[in-house]
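Once you've looked at the hints, dock chains Z, P and F against the given chain E.
4 protein chains.
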Amino acid sequence: VQRSIDLNCDCGESFGSFVVGDDRALLPLVTSANIACGAHAGDPDVMRATLRLCREFGVAAGAHPGFPDLQGFGRRVLPLTPQEIENSVIAQIGALDALARAEAVPLRHVKAHGALYNAAVEQRSIADAVARAVKAVRPDLRFVAPAGSALIAAAEALGLTTVAEAFADRRYEPDGRLRDRRHPDALIEDPAQSLAQVLQLLQDGAVTAVDGSRVPLRVETICLHGDKPGAAARAAALRAGLLAAGVVIGVPQ
Amino acid sequence: VQRSIDLNCDCGESFGSFVVGDDRALLPLVTSANIACGAHAGDPDVMRATLRLCREFGVAAGAHPGFPDLQGFGRRVLPLTPQEIENSVIAQIGALDALARAEAVPLRHVKAHGALYNAAVEQRSIADAVARAVKAVRPDLRFVAPAGSALIAAAEALGLTTVAEAFADRRYEPDGRLRDRRHPDALIEDPAQSLAQVLQLLQDGAVTAVDGSRVPLRVETICLHGDKPGAAARAAALRAGLLAAGVVIGVPQ
Amino acid sequence: VQRSIDLNCDCGESFGSFVVGDDRALLPLVTSANIACGAHAGDPDVMRATLRLCREFGVAAGAHPGFPDLQGFGRRVLPLTPQEIENSVIAQIGALDALARAEAVPLRHVKAHGALYNAAVEQRSIADAVARAVKAVRPDLRFVAPAGSALIAAAEALGLTTVAEAFADRRYEPDGRLRDRRHPDALIEDPAQSLAQVLQLLQDGAVTAVDGSRVPLRVETICLHGDKPGAAARAAALRAGLLAAGVVIGVPQ
Amino acid sequence: VQRSIDLNCDCGESFGSFVVGDDRALLPLVTSANIACGAHAGDPDVMRATLRLCREFGVAAGAHPGFPDLQGFGRRVLPLTPQEIENSVIAQIGALDALARAEAVPLRHVKAHGALYNAAVEQRSIADAVARAVKAVRPDLRFVAPAGSALIAAAEALGLTTVAEAFADRRYEPDGRLRDRRHPDALIEDPAQSLAQVLQLLQDGAVTAVDGSRVPLRVETICLHGDKPGAAARAAALRAGLLAAGVVIGVPQ
Numbered sequence: 502v503q504r505s506i507d508l509n510c511d512c513g514e515s516f517g518s519f520v521v522g523d524d525r526a527l528l529p530l531v532t533s534a535n536i537a538c539g540a541h542a543g544d545p546d547v548m549r550a551t552l553r554l555c556r557e558f559g560v561a562a563g564a565h566p567g568f569p570d571l572q573g574f575g576r577r578v579l580p581l582t583p584q585e586i587e588n589s590v591i592a593q594i595g596a597l598d599a600l601a602r603a604e605a606v607p608l609r610h611v612k613a614h615g616a617l618y619n620a621a622v623e624q625r626s627i628a629d630a631v632a633r634a635v636k637a638v639r640p641d642l643r644f645v646a647p648a649g650s651a652l653i654a655a656a657e658a659l660g661l662t663t664v665a666e667a668f669a670d671r672r673y674e675p676d677g678r679l680r681d682r683r684h685p686d687a688l689i690e691d692p693a694q695s696l697a698q699v700l701q702l703l704q705d706g707a708v709t710a711v712d713g714s715r716v717p718l719r720v721e722t723i724c725l726h727g728d729k730p731g732a733a734a735r736a737a738a739l740r741a742g743l744l745a746a747g748v749v750i751g752v753p754q
Numbered sequence: 502v503q504r505s506i507d508l509n510c511d512c513g514e515s516f517g518s519f520v521v522g523d524d525r526a527l528l529p530l531v532t533s534a535n536i537a538c539g540a541h542a543g544d545p546d547v548m549r550a551t552l553r554l555c556r557e558f559g560v561a562a563g564a565h566p567g568f569p570d571l572q573g574f575g576r577r578v579l580p581l582t583p584q585e586i587e588n589s590v591i592a593q594i595g596a597l598d599a600l601a602r603a604e605a606v607p608l609r610h611v612k613a614h615g616a617l618y619n620a621a622v623e624q625r626s627i628a629d630a631v632a633r634a635v636k637a638v639r640p641d642l643r644f645v646a647p648a649g650s651a652l653i654a655a656a657e658a659l660g661l662t663t664v665a666e667a668f669a670d671r672r673y674e675p676d677g678r679l680r681d682r683r684h685p686d687a688l689i690e691d692p693a694q695s696l697a698q699v700l701q702l703l704q705d706g707a708v709t710a711v712d713g714s715r716v717p718l719r720v721e722t723i724c725l726h727g728d729k730p731g732a733a734a735r736a737a738a739l740r741a742g743l744l745a746a747g748v749v750i751g752v753p754q
Numbered sequence: 502v503q504r505s506i507d508l509n510c511d512c513g514e515s516f517g518s519f520v521v522g523d524d525r526a527l528l529p530l531v532t533s534a535n536i537a538c539g540a541h542a543g544d545p546d547v548m549r550a551t552l553r554l555c556r557e558f559g560v561a562a563g564a565h566p567g568f569p570d571l572q573g574f575g576r577r578v579l580p581l582t583p584q585e586i587e588n589s590v591i592a593q594i595g596a597l598d599a600l601a602r603a604e605a606v607p608l609r610h611v612k613a614h615g616a617l618y619n620a621a622v623e624q625r626s627i628a629d630a631v632a633r634a635v636k637a638v639r640p641d642l643r644f645v646a647p648a649g650s651a652l653i654a655a656a657e658a659l660g661l662t663t664v665a666e667a668f669a670d671r672r673y674e675p676d677g678r679l680r681d682r683r684h685p686d687a688l689i690e691d692p693a694q695s696l697a698q699v700l701q702l703l704q705d706g707a708v709t710a711v712d713g714s715r716v717p718l719r720v721e722t723i724c725l726h727g728d729k730p731g732a733a734a735r736a737a738a739l740r741a742g743l744l745a746a747g748v749v750i751g752v753p754q
Numbered sequence: 502v503q504r505s506i507d508l509n510c511d512c513g514e515s516f517g518s519f520v521v522g523d524d525r526a527l528l529p530l531v532t533s534a535n536i537a538c539g540a541h542a543g544d545p546d547v548m549r550a551t552l553r554l555c556r557e558f559g560v561a562a563g564a565h566p567g568f569p570d571l572q573g574f575g576r577r578v579l580p581l582t583p584q585e586i587e588n589s590v591i592a593q594i595g596a597l598d599a600l601a602r603a604e605a606v607p608l609r610h611v612k613a614h615g616a617l618y619n620a621a622v623e624q625r626s627i628a629d630a631v632a633r634a635v636k637a638v639r640p641d642l643r644f645v646a647p648a649g650s651a652l653i654a655a656a657e658a659l660g661l662t663t664v665a666e667a668f669a670d671r672r673y674e675p676d677g678r679l680r681d682r683r684h685p686d687a688l689i690e691d692p693a694q695s696l697a698q699v700l701q702l703l704q705d706g707a708v709t710a711v712d713g714s715r716v717p718l719r720v721e722t723i724c725l726h727g728d729k730p731g732a733a734a735r736a737a738a739l740r741a742g743l744l745a746a747g748v749v750i751g752v753p754q
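Line by line, the protein sequences are chains E, Z, P and F. Residue numbers for the first sequence follow this note's numbering, so the first one is 502 and each next one is one higher. Residue numbers for the second sequence follow this note's numbering, so the first one is 502 and each next one is one higher. Residue numbers for the third sequence follow this note's numbering, so the first one is 502 and each next one is one higher. Residue numbers for the fourth sequence follow this note's numbering, so the first one is 502 and each next one is one higher.
If you are wondering where the hints come from, they were derived from the structure by calculation, not from laboratory data. Any given hint could be a false lead.
Copies of the same chain look alike in the list, so a pair counts if it fits in one copy or across any two.
Straight-line distance between alpha carbons at most 20 Å, and here's what the computed EDC-like set of lysine to aspartate or glutamate pairs gives [unchecked claim]: (1) 636 with 604; (2) 729 with 523; (3) 729 with 705; (4) 729 with 585; (5) 636 with 657; (6) 636 with 585; (7) 729 with 686; (8) 729 with 691; (9) 636 with 523; (10) 729 with 623; (11) 636 with 705; (12) 729 with 674; (13) 729 with 690; (14) 636 with 691; (15) 729 with 604.
Looking at chain E on its own, in the form it has when it is part of the complex:
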């Protein structure tokens, strides 16, 4: 039985006057924050303000690089070569890292965003590009990726420390992949079921897939989505449920 878990969420996804999410409401509920790096979202002012929020709430700050695609919010796979992806991710982490040093807030982890995260799971060449970028700039950052994925393997092949992630509000296929969002049952809407899935991961080291089968999955962090209405309330409910079950919430050791 696993007694502790990290909770992470995306943040810093505003751009100029365009406000996305409610970081001030969500960050106090998690232990790790994935900060957009100015490519799919964020700008230097938003990045710096978000780093300050991380310090204010005692949340571990991490880089959240994505495809350089503001209009698509990093949710479209852009036709970049692996080398171009590597260069973009290096520049993104570098920009955030510099602002973090200016704020004396240490960066602790990195997690690819949206379409880059998904593409890196599907294509090893993209996984390698992202891992090489991290290795080149901040090899000490913990590399967050889906439990059991090729992205974990790519990062470990380069000697990076990985953090296996699962989702509280997504269903799984029998092979351990996330159920595609195009299926009506891809999302877990019921907060009680979300809590149950996370508790099962902790207590049993597995999730129940859409076909009812048991999928072993070792996880160290749970991703909470912050960009929907009610996100903070859902996060608070999950957090309370975990604490009530005696789970310790904290960053991976």
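What follows is chains Z, P and F alone, placed relative to chain E:
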């Protein structure tokens, strides 16, 4: 009499398929390269390729942050607050610094670009913002700024090591400022006169202003412009003239 | 006594996944919609969707060009020449006009956005540039501008039909200008006072300035702000108050 | 035997200070100009200046919409839906059309750029999207597309007037498609061979494919590439050769 001088030029100012300048022709002629950081010009791929050119030609690489204004090429003063300027410069240096680490090319200096350089000379609050940015991220970088300017003062006030710059192809006012480009005599078109101005700076520690007066000016680097037709030929002529006069060309010690 | 008034609001200010305002809640409450044209906000998909909303709610569609400054949301004065402003406004109106033809939704008016609106009031050269742009592309569009301003004069000098605008939630100076937002009393927070100001404009043809003086002001449209929390509720209250007072709400004839 | 042919080239592909091609050298040599519309290249100032060049040289002006991808110069297929492509093309044509009206330069044709042109040839849904955009905004524009392609068919299905295009410097497959650029023999480097291919098209109504077979192809316009060194000299040579052979060079009737 000063026996050595650094020659610097802007580079890495292409963007995607948009090619600016001929870095491969110009870089072998200088000793310090100011690399655009993706805001007024440059992108992660161009930045990395330019860092490789610096290594190939043994040129000292530096960051060349500018206003985030691709269409205006950083030549327009954008209405950013000093804090926004600081954040932008931090992110720009951070991005280039990360790519430089990936290429194992050390960054040696930083120099503001275009309208940011000019605005920082005119407004102390902007000079302070740029200097704070450098101090926060890479306080070891040499800070290149116009000889005798408020930008030098701002950097020194923060404890940064400065490098005083003059121009081979620009005329000076009696107070040591650059003659505004709107005057027809602002530019020195004749290569022999450019060489003479640089030699006067080295041998006499002064330039002759537009009114004929002598302006004392201690300089450690000379800026060569690379974005005009014939730029490489002019640079080669100046370099040859300096070498013929026994001047040692190299980075500041 | 004036018996009818137009109500206008800004809309279509989302960009990709970045959502601004609640157009579906606000548009049913107004009679004229100012649609962002892809420069300070909006993109072709948002523009087209907003045109469809105008048709759905029977609201007159208009163009809302601004400075090409997505990060600043058009609220910063960019250092463009009058000619560059003219070209940008032409291209913006042209883009929206083409999408409007594709949707068979007629454009009825044009109103400059944010910093462009304010700069055009302050500087006649900018007012002329905006007016020339409208004259060149769609001289039949009604030109919305602050009652009594130089922007009205510039448009009329080119033979454009103007629509004089006042604000329900802003206070006025004795000379008819808007009270600068930096003053604490610049905004009218109380919905009842907003309604009273509009009724005074209709019944008396004047507003009461911050110093208590009466400022004659003929207006044909009232601007409602949509980007604050509670915007739709405030708009609904104003609309209800006007209808209760027997005012006819509709586009200028 | 065909006695007349149109010559077209891309132009207006500069952006701000980033200069692409030498429009002033190339435009006097062609009869139709494809002007970038601000998405893959061009900006409102460049667009307007290019329209003036068209008037100065008596060249027919056309719209040259591409994927909204400045960094990729429209040469990458972006993951847009057909509807998003349609909206983008409408907005692009609308922007150029408005500037053309401001300059009193009539638009005569439209031709998709780069990856959009190629994708529209390969995928009927994209061809239909581009054709719908033209139909919606300026159904009178002549629709330039590869001779014998699905893009021609898509445009004709909507009742548009098409102009069949061939290339002077590209080789063809036996099925009438362009030889992929990845093959070493895709390009015709020898100006004499380029001229021969165009004369064969005019005199025989066919090209000789890479395997030596004869491919019937009716063409009304020949595309000249302008973005390589020596482009104007090559264009001048082809033009001179055609005139010497008694060919009339002019826009399609």
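Hint check:
{"no.": "1", "hint": "636 with 604", "in the structure": "between (23 Å within a copy, 12 Å between copies)"}
{"no.": "2", "hint": "729 with 523", "in the structure": "both (10 Å within a copy, 15 Å between copies)"}
{"no.": "3", "hint": "729 with 705", "in the structure": "neither (29 Å within a copy, 47 Å between copies)"}
{"no.": "4", "hint": "729 with 585", "in the structure": "neither (31 Å within a copy, 24 Å between copies)"}
{"no.": "5", "hint": "636 with 657", "in the structure": "within (10 Å within a copy, 35 Å between copies)"}
{"no.": "6", "hint": "636 with 585", "in the structure": "within (16 Å within a copy, 30 Å between copies)"}
{"no.": "7", "hint": "729 with 686", "in the structure": "within (18 Å within a copy, 36 Å between copies)"}
{"no.": "8", "hint": "729 with 691", "in the structure": "within (14 Å within a copy, 31 Å between copies)"}
{"no.": "9", "hint": "636 with 523", "in the structure": "neither (32 Å within a copy, 32 Å between copies)"}
{"no.": "10", "hint": "729 with 623", "in the structure": "neither (26 Å within a copy, 38 Å between copies)"}
{"no.": "11", "hint": "636 with 705", "in the structure": "neither (33 Å within a copy, 50 Å between copies)"}
{"no.": "12", "hint": "729 with 674", "in the structure": "neither (24 Å within a copy, 42 Å between copies)"}
{"no.": "13", "hint": "729 with 690", "in the structure": "within (12 Å within a copy, 29 Å between copies)"}
{"no.": "14", "hint": "636 with 691", "in the structure": "neither (39 Å within a copy, 47 Å between copies)"}
{"no.": "15", "hint": "729 with 604", "in the structure": "neither (29 Å within a copy, 31 Å between copies)"}
Checked against the numbered hints listed earlier, the structure breaks hints 3, 4, 9, 10, 11, 12, 14 and 15; every other hint is satisfied.
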